[in-house]
Amino acid sequence: MTQPYTVIIGLEVHVQLQTRTKLFCRCSTKFGAPPNTQTCPLCIGMPGTLPVMNREAFRLGLKTALALNCQIARATKWDRKQYYYPDLPKGYQISQYDLPFSHDGHLEINDPKGRFETKRIGIIRAHLEEDAGKSMHDELAGQADSRIDLNRAGTPLLEIVSQPDMRSALEAKAYLTELKLLLTYLGVSDCNMQEGSLRVDANINLHVDTPEGPVATPIVEVKNMNSFRAVERAMEYEAERHWQVWQETHQRLGAVPKQTRGWDDVANVTRAQRHKEESSDYRYFPDPDLVPVRVSDTELTEAQASLGELPADLRRRLEKTHGIKPYDSDVLVGAGRPLVDYFVELAGICGDGKLASNWVQQDVMRTLNEQKVEIDQFAMRPKQLAELLAAIQAGEIDTSRAREVFIEMVASGKSAGEVMKAQGIVKVDESALTALCQELIEANPKIVADIRAGKLQAASNLIGQAKKKNPNVNPGRFREIVIELVGKM
Amino acid sequence: MSPLRLSAVELLAQLNSGQITSAELTQAYLRQIEKHDPKVKAFLRVDAAKALQRAGEIDSRRKAGKKLGRLAGLPVAIKDLLCTQGETTTCGSRMLENFKPPYDAAVIARLKAADAVLIGKTNMDEFAMGGSTENSAFQKTSNPWDLARTPGGSSGGAAACVAAGMAPLSVGTDTGGSIRQPAGLCGVTGLKPTYGRVSRYGLVAFASSLDQIGPLARSAEDAALLLEVLAGHDPLDSTSVDMAVPTYSESVKQPLANLRLGLVREHFGEGLDGEVDAAVREAVRVYESLGATVKWISLPHGKFGVATYYIIAPCEASSNLARYDGVHYGHRTDEKKLVAALASERTALETAGRRAEADALDNPLVRMYRESRAEGFGPEVKRRIMLGTYALSAGYYDAYYLKALKVRRLIRQDYDAAFAEVDLIAGPVTANTAFKLGEKVDDPLAMYLVDLYTVSANLAGIGGIAFPCGFSSAGLPVGLQLQGPPFAEERLLQATHMFQQATDWHRRYPAMFTE
Chain A
1 MTQPYTVIIG LEVHVQLQTR TKLFCRCSTK FGAPPNTQTC PLCIGMPGTL
51 PVMNREAFRL GLKTALALNC QIARATKWDR KQYYYPDLPK GYQISQYDLP
101 FSHDGHLEIN DPKGRFETKR IGIIRAHLEE DAGKSMHDEL AGQADSRIDL
151 NRAGTPLLEI VSQPDMRSAL EAKAYLTELK LLLTYLGVSD CNMQEGSLRV
201 DANINLHVDT PEGPVATPIV EVKNMNSFRA VERAMEYEAE RHWQVWQETH
251 QRLGAVPKQT RGWDDVANVT RAQRHKEESS DYRYFPDPDL VPVRVSDTEL
301 TEAQASLGEL PADLRRRLEK THGIKPYDSD VLVGAGRPLV DYFVELAGIC
351 GDGKLASNWV QQDVMRTLNE QKVEIDQFAM RPKQLAELLA AIQAGEIDTS
401 RAREVFIEMV ASGKSAGEVM KAQGIVKVDE SALTALCQEL IEANPKIVAD
451 IRAGKLQAAS NLIGQAKKKN PNVNPGRFRE IVIELVGKM
Chain B
490 MSPLRLSAVE LLAQLNSGQI TSAELTQAYL RQIEKHDPKV KAFLRVDAAK
540 ALQRAGEIDS RRKAGKKLGR LAGLPVAIKD LLCTQGETTT CGSRMLENFK
590 PPYDAAVIAR LKAADAVLIG KTNMDEFAMG GSTENSAFQK TSNPWDLART
640 PGGSSGGAAA CVAAGMAPLS VGTDTGGSIR QPAGLCGVTG LKPTYGRVSR
690 YGLVAFASSL DQIGPLARSA EDAALLLEVL AGHDPLDSTS VDMAVPTYSE
740 SVKQPLANLR LGLVREHFGE GLDGEVDAAV REAVRVYESL GATVKWISLP
790 HGKFGVATYY IIAPCEASSN LARYDGVHYG HRTDEKKLVA ALASERTALE
840 TAGRRAEADA LDNPLVRMYR ESRAEGFGPE VKRRIMLGTY ALSAGYYDAY
890 YLKALKVRRL IRQDYDAAFA EVDLIAGPVT ANTAFKLGEK VDDPLAMYLV
940 DLYTVSANLA GIGGIAFPCG FSSAGLPVGL QLQGPPFAEE RLLQATHMFQ
990 QATDWHRRYP AMFTE
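Protein sequences, first through last, are from chains A and B. The first sequence begins at 1 in our numbering and counts up by one. The second sequence begins at 490 in our numbering and counts up by one.
Please note that a few of the clues may not be correct.
[Stated by the list, open to error] Keeping only pairs whose Cα atoms sit at most 25 Å apart, straight-line, the calculated DSS-like set for lysine-lysine is:
(1) B/Lys895 / A/Lys77
(2) A/Lys180 / A/Lys119
(3) A/Lys81 / B/Lys871
(4) B/Lys601 / B/Lys552
(5) B/Lys892 / A/Lys81
(6) B/Lys552 / A/Lys77
(7) A/Lys81 / B/Lys895
(8) A/Lys223 / A/Lys81
(9) A/Lys427 / A/Lys414
(10) B/Lys792 / B/Lys895
(11) A/Lys488 / A/Lys467
[Said to hold, decoys possible] Covered stretches of chain A (in silico footprint by chain B; criterion: 3 or more residues with CB under 8 Å from a CB of chain B, positions within the stretch not fixed):
(12) 40-46
(13) 85-94
Calculated directly from the structure, the hints in this document are not laboratory data. Given the structure is predicted, the values throughout are model-derived calculations rather than measurements. Even glycine gets a Cβ: it sits at the ideal position worked out from N, Cα and C.
With the rest of the complex left out, here is chain A (with noise of 0.2 Å):
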């Protein structure tokens, strides 16, 4: 870092949580339905009807919290957030204010390429809330109707708020990978971006290095990121700006009312959204058609229990127990679970974690993605594929004809020793071997004299000539003879 300035990021993350049904109602939250068809009186605000706790979204809630090492209020309550919107039915959201039910957790973030140390990234506040509708507007404003659909309005939302911990685009990119990871493994949401189950808000400003010490520049909040790459860019961008923006004005933290711009993630540039004319006051309060909300000893018990193995204990297991490297484990550990437990299995059989990693991250993932299929679909299974990897370790087949083997296995559906059978690989015996060699080196003597001469490299003819004669030449083994008769000579 040579710019005399330091970069304060803090993200605010809203994860729509995987509940059958809505916050306070019992409509369905499924994505996708044709507008309005997932709402009920209550949900459309009419008058009269009341909100009931949807207790399994609290469930959901509190075990990402725990998950974040949050603190947990073991009583917290509902508030009303009050304006007025189309897709908000009844004038205020429900949500929670001054008393969150966690607090004060943390999330560790690392780069496996070392770009930055590892570090924790403070988590402020975890709270529930509801979602709003959705409105859509007639892109010619005032020719026609704006249109709002409600089915949304309700689901549940978790808002994660972060410190401003975060000191790079690549940093801000890294905790929500490594967030939505921790959100995936929970099995809490589905963090689809496109749909909205994920929606990110950023604040940042500069820490500019003076003479007086850091001054701190105008906040910024930016919204309308619709990706992780995204906000990575618009995080670099704003940067950037900030510094620009300081360098013309000088303006300081509090010299202007906090500024919100949106992302335009065509031209890479964030713009000045319209300034509010008064700053909003939600006019907060409890909410009294809600009573405050208990977390017994065995709920909390539950939740810790319902865990399971975070990612970052499982890259740690991973490498440990198997031998690979965090780059690796990174990898596997961000497919997903299921793609562990499939490579988990496969390390098992063949006891090479560092082969089975390699055949997993390169073939299996590969062939996922050209098949479009999860791990669970996939086929051929570890065993099978273990298979594969024992003839690779006991030289009966070299890796790049085992990589076609691979192909055949998948296409067809047989065993490896079936398509190696079929394609007459067996491994050819030592005598075989070093009669075929003693053949070649006598039919090249200018190849053996380079050899001779200390260039290794021209051995690689040699192999190349007798993989012609005989494909199942297996041309490691093959080198070493080689070398160890032209060594004789």
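Put chain B on the given structure of chain A with help from the hints.
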């Protein structure tokens, strides 16, 4: 004898024994409504055909020996604040003039399951805000004892229809006294149950932490019968309490031995009308003659009740009424006019070169909110929305709302301390008998003070009952209020029944009744 002179309990017995049919009974009440409601104006809507059809169905089921509900065939009037599926529910407001909820309130579902005949929807102050029913957007209800006077409010229609013999039973709601005060002024028996005793689901919220549904009837026995149907836990109302419902209609008949009555010193001070004072003291002597002991007590924070109430209730109301914005249902201003008005305002400003003002004009959505609410709500509702919005605003919350919550807790503590010494608290319902229509409409503060003796029970969440204990020299009913600890509805009803066994104030009828 006209069936209208009989109590609901007696009518039920006659229905069950076949002495009278539900159709005949319903017809009798409909005739009474037809005859007197043009003057009293207690009902906003009466669907005679539907009521008779329903009565007929119940009669046939009874004839066929089928099992019937608790109120089988008895007509019940409903305050128009309670949602009735597919039927207009206005809350006394232009805002909901054409609103037909697609669901029944929990109590309506219970009444239907009990085979009651829903006879009509009664008039009320708009969104239950008021103490005279004059804030109804549709009509002014008169007190059957003197048509020039108010029946009280906000459940004015609910009380007046019972007093005028137009319904044997009626359902009201009480947020600061809205059942007890009109019951007192109309000379009927009205009970506000403990908060949580009756489900609020489908009760259009005014102030959610204070609203409670309760029965109005001619006697404690009748009120007990109705409460037995209304009360009970409802999973759709998180604030409803999961407690067994006593058989009020049976227990009401058992007199209370060694009843300890508390009289609140502060309730007998300045401002209490002499005739009311005298009638209440006489009622207390009746209790003494029935074996009760009397003790003077103090509720020191009671004097802050009205002030506290007029912070908390408007705060909740400002939030509860935010949903009436013209977007999804209810009144919406004329859009064509709105767009035209905005366009002409813009043109005028631009022509005058007042560009900045033209740019600052409302966007159509905001103008639609403003106009719809301005047209849909009456002045008292607007006043309370403004009070509540102000009190919840940044910088004022602590001084108003939070402080009010603290006082509310103190008021409850006063009651808890009092009920450690006495079983029930007795006193006036209101300081005066029914006032003249129009007398207080221009003086909101004077109107707010009619809740003086009743609001504290709502703030504390406890139950209270009002019933007639005498008449003024002008022939107007005077009410006695009893308040009890949480979930002491049985005790309130028993004590009232004891009194009604010893007196006949509750069996007096306004002149029109017998015309």
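25 Å limit on alpha-carbon distance, applied to hinted pair B/Lys892 and A/Lys81: Holds, because 20 Å separates the two Cα atoms, which is no more than 25 Å.
Restraint check for A/Lys427 with A/Lys414, where alpha carbons must lie at most 25 Å apart: Given pair A/Lys427, A/Lys414 holds - Cα atoms ~20 Å apart, limit 25 Å.
Verdict on chain B covering the segment 40-46 of chain A, criterion of 3 CB contacts below 8 Å: Since three or more residues must qualify, the claim that chain B covers the segment 40-46 of chain A holds, with 4 doing so at under 8 Å.
Distance restraint between A/Lys81 and B/Lys871, which requires alpha-carbon spacing of 25 Å or less: 21 Å, holds
Restraint check for B/Lys792 with B/Lys895, where alpha carbons must lie at most 25 Å apart: Since the Cα atoms of B/Lys792 and B/Lys895 sit roughly 14 Å apart, the hinted pair holds (cutoff 25 Å).
Restraint check for A/Lys223 with A/Lys81, where alpha carbons must lie at most 25 Å apart: Within the cut-off at roughly 20 Å; holds.
Hint consistency between B/Lys552 and A/Lys77 [alpha-carbon to alpha-carbon, up to 25 Å]: Given pair B/Lys552, A/Lys77 is violated - Cα atoms ~53 Å apart, limit 25 Å.
Pair hint A/Lys81 and B/Lys895, alpha-carbon separation not exceeding 25 Å: With Cα atoms ~22 Å apart, A/Lys81 and B/Lys895 stay inside 25 Å; holds.
Hinted pair B/Lys895 and A/Lys77, Cα distance within 25 Å: 17 Å, holds
Proposed proximity, A/Lys119 with A/Lys180 (alpha carbon, max 25 Å): This hinted pair holds, its Cα atoms lying about 17 Å apart.
B/Lys601 paired with B/Lys552 [C-alpha distance capped at 25 Å]: 19 Å, holds
Verdict on chain B covering the segment 85-94 of chain A, criterion of 3 CB contacts below 8 Å: Coverage by chain B holds here, the residue count being 5 at a Cβ distance below 8 Å.
The structure fails hint 6 only (numbered hints given earlier).
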